[in-house]
Amino acid sequence: MLSSGMILVGLTGGLATGKSTVARLFQACGARVIHADDLARQVVRPGKPAWRDIVRVFGRTILRADRTIDRDALAAIVFRNPAQLRRLNAIVHPRVAREQARLTAAIARKQPRAVVVYDVPLLFEAGVDQRVDRIVVVAADRHTQIARLAARNGLTRAEALRRIRAQLPLSQKKSQADEVLDGTLPLATLRRAVRRIYRVFRQSA
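Per numbering that gives the first Met the number 0, residue 0 is the first one in the sequence shown, and the count goes up by one each step.
Worth flagging that the hints you see were computed from the coordinates, not collected in a lab. As the structure is a prediction and not an experimental result, all values here were calculated from the model. Ideal placement from N, C-alpha and C gives every residue a C-beta, glycine not left out. Some clues are possibly wrong.
[Unchecked claim] So the derived label-pair ranges between C-beta atoms look like this:
| hint | residue 1 | residue 2 | range |
| --- | --- | --- | --- |
| 1 | P185 | R59 | 45 to 51 Å |
| 2 | R161 | R51 | 24 to 30 Å |
| 3 | A165 | K47 | 20 to 26 Å |
| 4 | R66 | D140 | 36 to 42 Å |
| 5 | R66 | R112 | 38 to 44 Å |
Could you build all of it, start to finish, from the sequences and the hints given here?
What follows is the structure, given as structure tokens:
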């Protein structure tokens with residue numbers, strides 16, 4: 000715990016399992032939510048140190064006309080090459096971690112008994128599990144993940160599987176979770192489950 004009474008919850012899961020929906024439901028309950036993806040976008044803005052490192056490693060072909068990073072172009076490189084994915088993560092993750100710590104400390108000063116939910120896809124892969132008080136994993140079956148990635152990102156089955164397999168298996172994440180939520184449940188059912196978990200966290204704060 001970062002401060003007396005504060006609960007820092009790591010929210011994770013697999014690709015397209017429903018993490019974003021669960022994060023919104025926690026926020027509706029009163030939790031303060033920090034999104035790792037938002038922080039990652041911030042730290043790679045043009046001219047930032049992480050941006051410079053990424054351009055140095057991957058070249059300027061991954062840049063759009065406005066000098067922002069083309070995430071699809073970069074993903075096409077790193078999800079075909081595990082070594083390149085590790086290089087990217089080594090650039091981005093430490094900077095995201097520092098920004099998350101800064102934001103969490105700011106919340107702690109204003110709300111000492113807050114429930115802070117850190118929505119982070121690579122919680123275990125990046126070692127964030129060592130820095131949180133509770134872990135919530137959102138799971139879904141493989142068929143649902145592939146269908147959602149096709150609809151949301153336009154990925155082929157092969158591309159979706161490649162990205163899914165680049166992450167720690169859901170079975171391992173679930174085995175290390177304090178709470179597991181089924182991201183395929185109807186929204187009303189999922190909302191009730193999130194409210195129950197939030198009440199438990201509030202009582203611990």
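Verdict for A165, K47 (Cβ pair) under range 20 to 26 Å: At 24 Å between Cβs, range holds.
Cβ distance range 38 to 44 Å for R66 and R112, holds or violated: Between R66 and R112, where Cβ atoms are some 42 Å apart, the hint holds.
Range agreement (Cβ of R59 with Cβ of P185, hint 45 to 51 Å): 46 Å, holds
Satisfaction of the hinted span 24 to 30 Å by the C-beta atoms belonging to R161 and R51: Check passed, 28 Å falls within 24 to 30 Å.
Assessment of proposed distance window 36 to 42 Å (beta carbons of R66, D140): For R66 and D140 the Cβ distance comes to about 40 Å; the hint holds.
Hint compliance for this structure: every hint is met.
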